[in-house]
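All chains should be modelled from the sequences, with the hints used to inform the complete structure.
Quick note, the sequences are listed as chains A and B, same order. Quick note: the first sequence, position 20, residue 19 per numbering that gives the first Met the number 0, numbers continuous. Quick note: the second sequence, position 290, residue 289 per numbering that gives the first Met the number 0, numbers continuous.
Be a bit skeptical, because a hint or two may be false.
[Said to hold, decoys possible] Derived DEER-like restraints, expressed as beta-carbon distance ranges:
(1) B:Asn72 / A:Asp32: 39 to 47 Å
(2) A:Arg121 / B:Ala70: 24 to 32 Å
(3) A:Pro81 / B:Ala70: 31 to 39 Å
(4) A:Asp36 / B:Asp255: 56 to 64 Å
(5) B:Asp255 / A:Thr89: 23 to 31 Å
(6) B:Glu211 / A:Glu74: 50 to 58 Å
(7) B:Asp255 / A:Ala107: 26 to 34 Å
(8) A:Ser131 / B:Asp75: 20 to 28 Å
(9) B:Val274 / A:Gly38: 43 to 51 Å
(10) B:Pro172 / A:Ala107: 16 to 24 Å
(11) B:Trp307 / A:Met21: 28 to 36 Å
(12) B:Gln296 / A:Ala130: 50 to 58 Å
[What the hints assert, rightly or not] Here's a subset of chain A near chain B, in silico, CB distances under 7 Å, partners left out:
(13) Ser49
(14) Gly50
(15) Arg76
(16) Val77
(17) Leu79
(18) Thr80
(19) Ala82
(20) Ile113
(21) Leu115
(22) Leu117
(23) Leu136
(24) Cys154
Read the hints as simulated data drawn from the structure, not as lab findings. From the three backbone atoms N, C-alpha and C, an ideal C-beta is built for every residue, glycine too.
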Amino acid sequence: MSAAVLDARSVAARVTDPEMPMLTLEDLGVLRDVVADDGRVVVTITPTYSGCPAMATMRDDLEHRLLDAGYDDVEVRVSLTPAWSSDWITDAGRRALAEHGISPPGAAPAGGPIALDLLPTRRAVRCPRCASDDVRLVSEFGATACKAIYACRECLEPFDHVKEI
Amino acid sequence: MSDHDSGHDSVYDGLLGEDDSHWAFGTSFEDPLAGVDTTIPDGADPATLAVYCLMLGDDALVYSHRLSQWASNAPDLEDDIALANTALDLLGQARLLLARAAAADASVVPAMPEGSPVPAEDALAFFRDEPAFRNLRFVEPENGDFAVTIARLLVFATYRLALLERLVASADPVLSAIAAKGVKEVAYHRTYAGRWFVTLAQGTDESRRRLEAALPVVWRHHDELFATHPVEADAAVQGVGVDPAQLAGEVGAVLDQVLATAGVDRPEVPSAGPVAGGRGRDGRHTEHLSRMLAEMQSVARAHPLGQW
Chain A
0 MSAAVLDARS
10 VAARVTDPEM
20 PMLTLEDLGV
30 LRDVVADDGR
40 VVVTITPTYS
50 GCPAMATMRD
60 DLEHRLLDAG
70 YDDVEVRVSL
80 TPAWSSDWIT
90 DAGRRALAEH
100 GISPPGAAPA
110 GGPIALDLLP
120 TRRAVRCPRC
130 ASDDVRLVSE
140 FGATACKAIY
150 ACRECLEPFD
160 HVKEI
Chain B
0 MSDHDSGHDS
10 VYDGLLGEDD
20 SHWAFGTSFE
30 DPLAGVDTTI
40 PDGADPATLA
50 VYCLMLGDDA
60 LVYSHRLSQW
70 ASNAPDLEDD
80 IALANTALDL
90 LGQARLLLAR
100 AAAADASVVP
110 AMPEGSPVPA
120 EDALAFFRDE
130 PAFRNLRFVE
140 PENGDFAVTI
150 ARLLVFATYR
160 LALLERLVAS
170 ADPVLSAIAA
180 KGVKEVAYHR
190 TYAGRWFVTL
200 AQGTDESRRR
210 LEAALPVVWR
220 HHDELFATHP
230 VEADAAVQGV
240 GVDPAQLAGE
250 VGAVLDQVLA
260 TAGVDRPEVP
270 SAGPVAGGRG
280 RDGRHTEHLS
290 RMLAEMQSVA
300 RAHPLGQW
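Right, dumping it as structure tokens:
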């Protein structure tokens with residue numbers, strides 16, 4: 000592996016998610032591949048959700064960072080399969096989320112037919128501020144496509160939880 | 000728009016700082032299938048695949064736009080956000096499906112003026128006339144009240160989840176990938192609608208009255224979900240699509256589960272008949288769609304050379 004390849008990978012890995020800037024694209028698990036050959040780099044990323052509005056910004060940021068790093072030909076490709084899973088968020092990413100008051104996801108559900116559950120979703124969620132497990136689900140939909148809203152009954156603070164998909 | 004360069008200081012300049020690369024607008028990063036292999040699979044007809052993708056894409060696009068009209072109008076902030084997120088997921092699915100349609104058969108994309116920078120997915124969304132839309136009439140009507148919206152979302156999400164779960168096995172790897180992503184999203188939509196449905200049914204006298212009034216309104220177009228169009232039949236035979244008639248049993252069972260939990264009877268209302276011999280999949284629509292498109296498409300059509 001040449002030095003240039005390592006360099007391109009490390010440059011791309013440091014680009015952050017525009018909506019959760021405490022996470023790098025690598026921590027989030029959306030950076031799938033970086034291939035560098037002389038001055039040319041091909042980066043492959045995958046969307047978290049189909050409608051993720053941050054995709055265009057991620058692609059633009061990757062191109063800018065790699066051009067700034069001296070590459071003169073940068074292509075950003077999209078990979079749709081396998082579909083992104085919250086299981087791909089790295090341990091470092093989970094720690095960064097918790098440090099910034101966002102509850103990291105539990106294990107993603109297994110594949111197969113999805114049975115309808117009309118009772119509130121049960122998750123082992125702890126308040127990222129006071130660590131209490133006495134929390135309640137406010138909404139399965141939050142400020143971004145990938146988050147649910149919880150509230151802590153102990154410290155009364157609301158907080159985001161990254162959903163399991 | 001890029002031609003709107005007045006030289007004034009923008010109130011947003013402070014957000015940019017020294018680095019304007021935070022903003023992707025006006026860049027070339029629009030194609031949601033950039034770098035994806037869109038080769039037509041063996042045994043599939045490109046025209047059939049393209050129209051089939053328009054059908055599923057138009058369902059998502061029209062319903063996304065309809066749901067987005069709840070933004071700032073929902074009963075509370077959490078549901079405003081939930082409906083907007085649901086609309087956003089469907090818009091993402093619509094973009095992928097319309098882009099896949101254009102990649103399969105470019106002849107489905109409306110001709111644009113020379114030099115227009117409008118990408119194919121936008122040309123399909125904003126420059127087709129109503130008869131070229133292939134969505135189900137089910138997704139067209141005005142939102143009505145929150146109970147009508149929840150009842151319609153429950154039926155639609157249940158139908159679409161059953162469809163996408165089967166579409167994961169499509170012989171077209173692009174459709175398969177779009178479906179696999181969509182399954183995860185639409186499962187949340189169905190759960191949201193199912194829980195609200197039970198809550199409204201078991202809530203106050205007023206919420207139950209509204210829900211019971213909503214069901215016949217929504218059910219008029221229920222049967223159209225499972226009426227197989229020849230293009231859907233062909234797509235199923237070619238291994239790229241799903242025959243919707245095969246979904247009726249599973250969808251019915253899930254809906255009955257919700258109705259039983261809610262203690263509400265399945266409505267018995269006559270189905271909406273065809274219009275001029277056709278249904279939504281044939282390009283025959285309710286009057287609601289024309290009004291929606293007039294609003295949705297007006298800005299894009301006024302600026303066919305616009306760079307956004």
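Hints and how they fare:
no. : hint                            : verdict
1   : B:Asn72 / A:Asp32: 39 to 47 Å   : 43 Å, holds
2   : A:Arg121 / B:Ala70: 24 to 32 Å  : 30 Å, holds
3   : A:Pro81 / B:Ala70: 31 to 39 Å   : 32 Å, holds
4   : A:Asp36 / B:Asp255: 56 to 64 Å  : 58 Å, holds
5   : B:Asp255 / A:Thr89: 23 to 31 Å  : 43 Å, violated
6   : B:Glu211 / A:Glu74: 50 to 58 Å  : 56 Å, holds
7   : B:Asp255 / A:Ala107: 26 to 34 Å : 29 Å, holds
8   : A:Ser131 / B:Asp75: 20 to 28 Å  : 25 Å, holds
9   : B:Val274 / A:Gly38: 43 to 51 Å  : 58 Å, violated
10  : B:Pro172 / A:Ala107: 16 to 24 Å : 22 Å, holds
11  : B:Trp307 / A:Met21: 28 to 36 Å  : 30 Å, holds
12  : B:Gln296 / A:Ala130: 50 to 58 Å : 51 Å, holds
13  : Ser49                           : 3 Å, holds
14  : Gly50                           : 3 Å, holds
15  : Arg76                           : 3 Å, holds
16  : Val77                           : 5 Å, holds
17  : Leu79                           : 4 Å, holds
18  : Thr80                           : 4 Å, holds
19  : Ala82                           : 4 Å, holds
20  : Ile113                          : 5 Å, holds
21  : Leu115                          : 6 Å, holds
22  : Leu117                          : 5 Å, holds
23  : Leu136                          : 10 Å, violated
24  : Cys154                          : 20 Å, violated
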